[in-house]
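We have chain A; now place chain B onto it with these hints.
Read top to bottom, the protein sequences are chains A and B. In terms of this note's numbering, the first sequence is residues 1 to 344. In terms of this note's numbering, the second sequence is residues 345 to 688.
It should be emphasised that the hints constitute simulated quantities derived from the structure, not laboratory data. One thing to keep in mind: the hints can contain errors.
Computed, partial: chain A to chain B, Cβ under 10 angstroms [as the list claims (entries may be wrong)]:
1) Glu96
2) Pro258
3) Pro293
None of the values given here were measured: they were computed from a predicted structure. Built from N, CA and C at the ideal position, the CB exists for glycine as well.
2 protein chains.
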Amino acid sequence: MRAAFMYGAGDVRIDTVPDPVIQRPADALVRVVAACICGSDLHPYHSMPVGEASPMGHEFIGIVEEIGGEVSTVERGDLVIAPFAWSDGTCEFCREGLQTSCLHGGFWAAGGIGGGQAEAVRVPLADGTLVKAPVGEDSEFLPHLLTLSDVYGTGYHAAKRANVGPGDKVVVIGDGAVGLLAVLSARQLGAQQIILMGRHKDRTDLGREFGATDVVADRGDEGIAAVRDLTGGHGAHKVLEAVGHMPAYTQATGVVRPGGVISRVGVPQYEEAPVGFGSLFGPNITLTGGPAPVRAYIEELMPAVLDGTVQPGKVFDRTIGLDQVPDGYRAMDRREALKVLIRP
Amino acid sequence: MRAAFMYGAGDVRIDTVPDPVIQRPADALVRVVAACICGSDLHPYHSMPVGEASPMGHEFIGIVEEIGGEVSTVERGDLVIAPFAWSDGTCEFCREGLQTSCLHGGFWAAGGIGGGQAEAVRVPLADGTLVKAPVGEDSEFLPHLLTLSDVYGTGYHAAKRANVGPGDKVVVIGDGAVGLLAVLSARQLGAQQIILMGRHKDRTDLGREFGATDVVADRGDEGIAAVRDLTGGHGAHKVLEAVGHMPAYTQATGVVRPGGVISRVGVPQYEEAPVGFGSLFGPNITLTGGPAPVRAYIEELMPAVLDGTVQPGKVFDRTIGLDQVPDGYRAMDRREALKVLIRP
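For reference, chain A alone in the conformation it holds in the complex:
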């Protein structure tokens, strides 16, 4: 089969590799119907040292082609959604809804498991991992369902961890797909005011469609001042940080209200950050977030997708074949595309 591999920064190729096969009784084999490129794939695209080639992609939906002897929740022919982490569904963390900390799980494109930017994927712990969607592979809902693999669930995680609720003033930092779906999630959870910080008008326009009440294009001190003006002087109750770079963290501490919450879902590209009296401690700010256990949210979010209440798949503004994946990375890196959908 064909699959995407990264060989180093800026170097993505499509290779032909052996077809995956069932290796364990809990495995399922999934033919990929739709996959995509994630904003977080751009981090190695900028910085990966040349070395062993790494499979790519952690978001996909597909058709179950074959199942191992222990698999009971999905069967051949089902259209399934794969969350970006695979998990057993039974350990104490899975039962609490923190599948990204599953005691027996892991991540795609690592440890001998392939990536989603491929024609097929061997799915370990299929019963815990896959969620059947009640549609066929020609469904018009496919792009929307695909966002449940990662970006929608990740935006929702930001809002849930921040405990966004009615009456809240919310700031979303970042106008990438996750930021835009954090806007949508905050609206679903009843936020009163949603200020989207981003500077790409086509994206912030989609953010307004998703529920943003205000857009702030300024950054740094000017951005902080603009948010404070919009929130009556004291900042936002909840800040959803969907970027992962240090300036976004600084922005977050600048726009959050005393007693408020900063919820991060952008993968931090730093390890140390200010948390002392002058930043988090003095004003009793809570810092939360992490890799979203999107598996926990798929059943919760799917109904509004399938009845058309929300259309999270609008974040896809380009569709390509597997052979065009290197172009897809380039387009997202140059911000010519917001999020690229792949039809292998």
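Same frame as chain A, now just chain B:
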């Protein structure tokens, strides 16, 4: 009157200064009946540069001697508890129970307001700040009520911010007065297991009396391993950090369970700390806490103090007069005393 002043690291003196007087209609004048020395007073005791003398003390109870024309909630002769921050009680933050961020409030021993280690204090915004206790100045409950000024409310804040509840496994880092009262608070909130990390047996014994189910004297990797053993391998749901030094933060990230909470009430003696993928983000750890709005908790905690259910004043193991305050600092600094009560 006499009052304690710090002139620099290790240099505390009792000076005679003019008696405080009512300056504004919202002021009250309080004669101090009991005050104390705080673990956080030891931070400047170690590091304060020589310069202008600073008044000291932020925990006191006393008798109202005089009130300004606008004061209506306390009157002359009342025994009152002063929380460690003064606040108006009416701004949006006070109404939300975050009096340490009061828009018009402040802290003792700063900005022209005296400290509690003195014979008398001018209390600004008396209606918002002071809470009347229904006992006289000779009450046996005085030491217990005095803890509502800071240490008990601060330990309680750690537990509340961490949302400690039934079934939780809790670690408390630090066997000072705040740590011990965080133990007591976690027990009141229904924690199933409370592991106290501390190495002073007389203190950890009091911790056991307050509700600690386990004591871990080890620190560093050994301490982390001991906690993991005690919690079934994965660490504690909630970690209450009552020290403020960097090793305590490192300890907290080491003993917290994925998806868990670190709640800090020890004033951080650092500004930057690890918060990235390898510490907080990857395992979805929440970092919370800050200066406790103890004013919000006084009415809630007082009944169990007055009916003898809890005896938080057991943290006081030495009582001195105002003239012995310099000795009191020395005793706490050398850990000869856990917490020193002052009877001016």
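A quick look at each hint next to the structure:
| no. | hint | result |
| --- | --- | --- |
| 1 | Glu96 | holds (6 angstroms) |
| 2 | Pro258 | holds (4 angstroms) |
| 3 | Pro293 | holds (8 angstroms) |
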